[in-house]
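Given chain A, put chain B in place with the hints provided.
If you want the building blocks of each chain, they are given just below.
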Amino acid sequence: MQYHTATSYENAVELAQAAKGTIRFLAGGTDVLVQLRGDFVTPDVLIDIKQIPGAADIQWLADGSWQIGAAVSGAQLYEHEALKTEWPGLVEAMNLIGSTQVQGRATLSGNLCNGSPAADSVPAMLAADVSVTIIGPDGQRQVPVGAIPRGPGQTTLKQGEVISSVNIPAQSATGADAYLRFIPRTEMDIAVVGCAVNLSLDGPEITAAKVAIGAVAPTARAVDSAANAIVGTTLDDAALTALADAVREACDPIDDKRGTIEYRTHVAGVLAQRAAKIAYQRARSKS
Amino acid sequence: MSKIHVSTTVNGDDVEFLCDPRETLLDCLRDKLHLTGAKEGCGTGDCGACSVTLDDRLVCSCLVLGAEAEGKSISTVEGMAEGESLHPLQQKFIEYAALQCGVCTPGILVATKSLLDKNPDPTESEVRYWLAGNLCRCTGYDKIIRAIMDTAADLREAS
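So the sequences go chain by chain: A and B. Residue 65 in the numbering used here sits at position 32 of the first sequence; the count goes up by one each step and never skips. Residue 164 in the numbering used here sits at position 157 of the second sequence; the count goes up by one each step and never skips.
Only chain A is shown next, with the shape it has when bound in the complex (with noise of 0.2 Å):
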């Protein structure tokens, strides 16, 4: 295996481009640097794109928008008290991977990348409306977080392709996001079902929303019919029925030791409910 230190994302696509074999990005290596000492990924060039200006940085824009290094980890999203305050539940949901250990260098791009249709990071960021900047052979361009996962351990990033920046919309003035997963222990446990939404209020009012859920698909998906659900309601109990229908309705999961399809499909339809009360007692407090 050869390593190398990319000095911008220019550098890194030519490496890759140059490179022979099964390329890996280095960034946190939570999950790649697992899968090398497991046996079960031995990149023939292994890329480490931590050194790149600016990988490592928090940005937060004129416009109210984020620019979030690819770098940069779950402790450092988690230390930014504004960001915590504008996006609660995104930071929350990347919080809750692993350790305070995995926390330091965990990266939301390396969640997303990695694949795992239980990565708790990415309902959140479907639910925030979240996009990556794409650097590869082609040049760049923006992609929303939603096309990138293709299914367990797959995604649709080309050969050479790195993520250089997560892209977090502004907040709205009347917006919040919360995100709640299921799991049997209370901490250091991968989702059984994560449920993340979205939503702007004017007054008592839902304007706008988001659902997206986790674990309970091939990948983590965003679910229209739940948010068309809550939009223009006051979060009532006929709108949090209508909710968790919705939810139950766009699961499509697994059945295996740590839940069965029946009992993954409700869960994911109370945690909707839940999380859906959460950001809008949150956005409330706003106003």
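Where hints are given, some of them may not hold.
As the list claims (entries may be wrong) - Derived DSS-like pairs: lysine-lysine, alpha-carbon spacing no greater than 25 Å straight-line:
(1) B:Lys10 x A:Lys53
(2) B:Lys10 x B:Lys39
(3) A:Lys191 x A:Lys83
(4) A:Lys83 x B:Lys125
(5) B:Lys125 x A:Lys117
(6) B:Lys79 x B:Lys10
(7) B:Lys79 x A:Lys83
(8) A:Lys83 x B:Lys10
To be verified - Covered by chain A, according to a simulated footprint, are these stretches of chain B (three or more residues, beta-carbon under 8 Å):
(9) 57-66
(10) 133-144
None of these hints come from the bench; they were simulated from the model. Just so you know, even glycine gets a beta-carbon here, dropped at the ideal spot from N, CA and C.
Chain B only, in chain A's frame:
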């Protein structure tokens, strides 16, 4: 396969080593620098026995490549005591018998010091969550937590 030359700082000392690109920081600390305090428990970032700080950030050294240490500052359990005098956390762990086999202890000490450096007055819940990635199969954790809460109180009083 050519080796990578790495210059880094460990516990304040400048050190250099040659490593294979696949070797982890944990391998390099133990096998090249002979700092065997950090232990390999799981090798997959689940147990925390290999905890060190990398530029003041708590990490599992089994999930860091040796090559990534270039130009960084690393602290291990070997850097906690000053000569013969133990760090207050180490002293208190002995008083409370907060260890049995001792394999998890270096990682727990490093992780706890990292918490107290950031937050000198943590709640018990904060300590337990901070250490959720440090597994101990002997003590049942209670003595560890009590030793930490007591040390934190002493350090606050002393400062």
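Hints broken by the structure, by number, lowest first? none
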